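Use these hints to put chain E onto chain X, whose structure you have.
Chains as they are written, first to last, in my numbering: chain X, 211 to 432; chain E, 211 to 432.
You may find that some hints are simply not true.
Copies of one chain are not kept apart here, so a pair can be met inside one copy or by any two copies together.
To be verified - With a Cα cut of at most 27 Å, we get these calculated DSSO-like pairs of lysine-lysine:
(1) Lys277 / Lys213
(2) Lys277 / Lys257
(3) Lys277 / Lys237
(4) Lys344 / Lys422
(5) Lys212 / Lys257
(6) Lys348 / Lys360
(7) Lys248 / Lys277
(8) Lys423 / Lys411
(9) Lys277 / Lys360
Since the hints were derived computationally from the structure, they do not count as laboratory data. The model shown is predicted, which means the values in this text are computed figures rather than measured ones.
Protein chains: 2
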Amino acid sequence: MKKALILLSGGLDSTTCLALAIEQGFKVTAVSFRYGQKHIRELEYAKKNAENYNVEKHIFINLELDKIGGSSLTSSFNEPNETSIPNTYVPGRNTLFLSYAASIAETLNIADIFIGVNAIDYSGYPDCRPEFIKAMEKTINLGTKKGVLKEISFVIHTPLINLTKSEIIQKGLERRVDYSQTTSCYFPIDNLACGICDSCKLRKAGFEKLNKKDPIAYKNLL
Amino acid sequence: MKKALILLSGGLDSTTCLALAIEQGFKVTAVSFRYGQKHIRELEYAKKNAENYNVEKHIFINLELDKIGGSSLTSSFNEPNETSIPNTYVPGRNTLFLSYAASIAETLNIADIFIGVNAIDYSGYPDCRPEFIKAMEKTINLGTKKGVLKEISFVIHTPLINLTKSEIIQKGLERRVDYSQTTSCYFPIDNLACGICDSCKLRKAGFEKLNKKDPIAYKNLL
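Looking at chain X on its own, in the form it has when it is part of the complex (with noise of 0.2 Å):
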C-alpha cells in the first residue's frame, strides 16, 4: 500500500486534503505544528481527524515561531500594514512545514506529502502559491540523500490548491467530511469562531454559496 504524509491543521482544508488522500489508497501519517497559534485548538480538531480517518501515525512537532514573531498568529503583532498580504502572515511557515515533512517523509521511506494550500479563495499568503509548492519540491529533492540518491521521488501534492472554497467544501461533503469537527478561525473567542477575520469570512462565504449551513458556531454572526 502506498504511503503518504499530510500535513494536518484541524482546519477545513487540510481536513479535506486528508479524506482526498485516503480516498486516493494512501496509508496516511500525519504531522502537525504547534507554533505558538492563538488558536492552539485547532490541534485538538486535527487528532479528532486523524483519529477519524484512522491515519496510521500522528506526529506532533513543536516549533518555536512565536520567539521570531513578525505575525498576529503567534504575537502582539501590531505593525502597519499596507500591503497586500495580512499581519497573519506567518514568517516563512509553509517553508519550515515542508522541511519537517520532508524530513519525517524521508526517514519513513515516504515519497508522497500532501499539503491543503489554496490559492484562489485565500489571504493571499505566498507560501500557498503554485509556484512556491513547485520550488519547495525542487528544494526538497535537492537537499536529501534519498531524493538526490534517486531512492525517493518526492511529490507535494495539493489537490485543493486551484479549487474555490466553496468547491473544496463541495468536495469534503461528497466525500462525508464532518465539518462540525474543523476549526478555521485565526482568533476564536471563548471557543467560538469569531466570524469576523479573514479565515472566517472565506469559510462563511463558502458554505454560503453551496447553500449549506457550517455547522460550528460563530461568536458574531455579522
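Just chain E, lined up with the frame of chain X:
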C-alpha cells in the same frame, strides 16, 4: 550598516564563515540550533565565538530532529549503508536550518544569510551542494511576504563552498580565527575530539596540508 544572519554551529567552517562576514562589514545576527546532536558541546563554542566577534544578537532554536531519527548524529542509528553518503547525514537538516533562518531574517529585515557549507572536502551531504543552495534561495524568495513583494531579495552566501579544507583554514588563520575555540568532531569522547570520524579526518588533513598545528586535542592520534 548592512545586516547579515549567520548559521553558527561552533565548528571550524561556520566560525571561519563568521570571520568572513564580519570582514565584509556586516552587522551580524547569529542563529544556532539544538537538534538533538550528540556533539551538543559545539553550541558552547558557538556562544563563545558569537561573543568574541561581538555579534548583534544570538538566537538559539530548538528543533526536534531527534524525534525523527534517521541519523547516527541524533539517534542510535545503525542501518546498513552502502551509499556514498555516510550515516551521519541528518535528514533535511540544512533545509530546516535555512527555513528557520529565512523566517528570522524576514522578521528582522535581513537580506543576507551566511552558511558555511562546503562541497569539496565534505562528507557528501546533498544539502551542502551549490544546486541545493540555489533552489533553497529561490524557495525562500518565493515563499516569504517580503521576498514576493520585493521588499527584500534574500541571498544565501556560501563563501566556503568551493574551498578545500586547508584553504578554509588558511583563510581563517589569515584572519586570526582562534581554532582552539571550535569543535568539529561528530562523536566526542570525554570531551575530546575522537580523531577518527569523517569530520575529524577532514579537519586534521586540512591542518596537516598547511603544516600547521591543530590547536585542539584528540583522543585518538591515529
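Hints, verified against the model:
In the homo-oligomer, the alpha carbons of Lys277 and Lys213 lie at most 27 Å apart only across protomers (20 Å), although the nearest pairing inside one protomer, at 34 Å, exceeds that limit. In this homomeric assembly, Lys277 and Lys257 come within 27 Å of each other (Cα to Cα) both inside a single copy, at 25 Å, and across copies, at 19 Å. Taking CA atoms no more than 27 Å apart as the test, Lys277 paired with Lys237 passes between copies only; the shortest distance there is 21 Å, against 35 Å inside one copy. With identical chains, the CA atoms of Lys344 and Lys422 are never at most 27 Å apart, being 34 Å at best within one copy and 47 Å at best between copies.
Taking CA atoms no more than 27 Å apart as the test, Lys212 paired with Lys257 passes inside one copy only; the shortest distance there is 22 Å, against 45 Å between copies. Taking the closest pair of Cα atoms, Lys348 and Lys360 come within 27 Å of each other both inside a single copy (13 Å) and across two copies (22 Å). For the identical chains of this complex, Lys248 and Lys277 are neighbours both inside a copy (14 Å) and across copies (24 Å), given an alpha-carbon limit of 27 Å. Proximity of Lys423 and Lys411 under a CA criterion of 27 Å is satisfied intra-copy only: 14 Å inside one chain copy versus 66 Å between copies.
Taking the shortest alpha-carbon separations for Lys277 and Lys360, only the inter-copy value of 25 Å comes in at or below 27 Å, while the best intra-copy value is 37 Å.
Of the hints listed earlier, the one the structure fails to meet is number 4.
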